[in-house]
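Undergrad: Chains A and B, in that order, are what the protein sequence lines are.
Residues 1 to 218 in the numbering used here are what the first sequence lists, from first letter to last.
Residues 1001 to 1190 in the numbering used here are what the second sequence lists, from first letter to last.
To be clear, the hints were calculated from the coordinates, so they are not data collected in a lab.
Just so you know, not all the hints are guaranteed correct.
As the list claims (entries may be wrong) - Straight-line C-alpha distance at most 30 angstroms; calculated DSSO-like pairs for lysine-lysine:
| hint | chain 1 | residue 1 | chain 2 | residue 2 |
| --- | --- | --- | --- | --- |
| 1 | A | Lys71 | B | Lys1136 |
| 2 | B | Lys1136 | B | Lys1091 |
| 3 | B | Lys1091 | A | Lys71 |
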Amino acid sequence: MQEAARLPGHTPRFPAPSLRHSDRSSPVRSLSFIITLAIGAAVGLSLTWLATVSGYGFGTVRAGPWRAWPKSGTAEADPYARAALARSGELPLQLADGIAFVARLDDSGRALDGRCNIRLSGLLPQARFWTLTLTDSQGRLIDNAAGRYGFASTEVVWSGDGTLDVALGPRAQAGNWLPTGGRDRLVLTLRLYDAPVGLATRSSDAPEMPSLVTERCP
Amino acid sequence: MRAGGDANPLMRLALPIAAGLVLGGIVHLVSVLMMPYMAERDAFARLSAIAGTNMVAHVDDPSPFGAVLPNSDPAFVTAVCLYDLAAGPLKVRLPTTPDYTSVSFYTRLGLAFYAINDRAAGRRVIELDLMTARQKAALPDDEDVTAADRLVIESPSTTGIVLLRAMVRERGTREEVRRTIEAATCGTAS
C-alpha cells in the first residue's frame, strides 16, 4: 500500500527518510485502504447480485419476451448458473427432461401486470407435453378461488387452427382464463417436456413462441 | 497534509478507486464460485427438512403459500430421495404413468447430471442403479452391466438428490398419479 498512498504525479521535493514519510502519510494511507476495501466489497457483491438475480448464467436462448437457460439444466452448467440456483434454492429442469422458458415482460417490453388483461396467443414449439405456470416475482403461485395456477397441454382448450389462446386477468373470462389476482410483476413459465434437442441448441434461430400482449389496463 | 494533495484531491482518490475496482472484480468472482458451498437455503437443505436419507419422501404440491422448492411445476406430483452412497450403491425404482414420468439426478450442490423419462426408458417401470465411479469400477466383470434391463448411473458425488416426478393430466387424476409415485422405492441394493 506504500504505492497507493503516494500521489500520482506528485514528486517529493527531497528524498524524505522512509520512517518519517510513512508516519506523516498514515492517515491518508488508511483512508485509501478503507476506500479500496469499501469499493471492492460494494462493486463485487453488487455484480454478484446482479448476475444471479434474474438469469441462470450464459447461453441464454431468447424468443420475443421469453428466455431460457438450457445449459443450467446440464452437468456443464457454468458457475453463474450454479450460483443463481444455489441462491434461489431451486433445482433446474434438466435438459434431458425438457426446457423452461420464462417471461417477465410482454412483447412491448412492459412488465406483466396482473391488474391488466394480458393475452398469450400463437403457436407453441413442438413438445410431447407442455405446462404453463403463473407466479409472482418470488416464484410463488398466485392464490385464487378456482385453484388455477396454470395449464397443461392435456387440459387446455385449443383454438380451431391449432393455436393457443390464454387470457390472463384479474376477472373471470371465457376460454382459458388464468387468474392474476390483481398482482403486479408476474412471471410466466412455459415448460416444454420431451422437446426436440434443436430447440435448446439453436441460438441464432429462435423458436416460435406465443406472443404476450397487454390488452387493457384499468 | 502536503501541498500536492490539496492541489488535486481527485488524483489522490484515483489509485484507491482503481484498486477498489480490481478488488471488486476479485470479490465478484470469488463470491460466485463460493455461492453453491455457502448457500444455506439451497435445494438440498430445503429437501433435508422433509426427507430422510436413502428413502422416498413425498414432496407437498406447491401452493400460493409456499413450496418446498421454488419454481417447481404445479402440474407434477413430486417425490424425492436424498441419497448417500457411502454404504453402497442404490437401487431406484419408479413405476411410470401413461403421461410424463421422470427420474432426475442432482449432486449435493444441485448440479443436474442425469435424467431419464418414461419414453426414454421405454418400460412400465424405470429401474436404475446409482453408484459412484469407484463402486462401478468394483462391479464384478462377469456381470453384464451393459444389459438393457440394467441402467447404471454414475454419480459424480457421494451424496445427492433424486427427483421422482409424474405429470398430472388433469386435476381429477392427481390422486391416482400420487399413488403411482408413492410406489417408488429407493434403497441400498441387497
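Undergrad: It remains to establish, for every hint, whether it holds in the given structure.
TA: Taking the hints in turn, this is what the structure says about them:
For the suggested pair A/Lys71 and B/Lys1136, the alpha carbons sit about 27 angstroms apart, so the restraint of at most 30 angstroms is met. Of the pairs offered as hints, the one joining B/Lys1136 and B/Lys1091 holds, with about 13 angstroms between alpha carbons and a cut-off of 30 angstroms not exceeded. Of the supplied pair hints, the one linking B/Lys1091 and A/Lys71 holds, its CA atoms being roughly 28 angstroms apart against a limit of 30 angstroms.
Consistency with the previously given hints is maintained throughout, with no hint failing.
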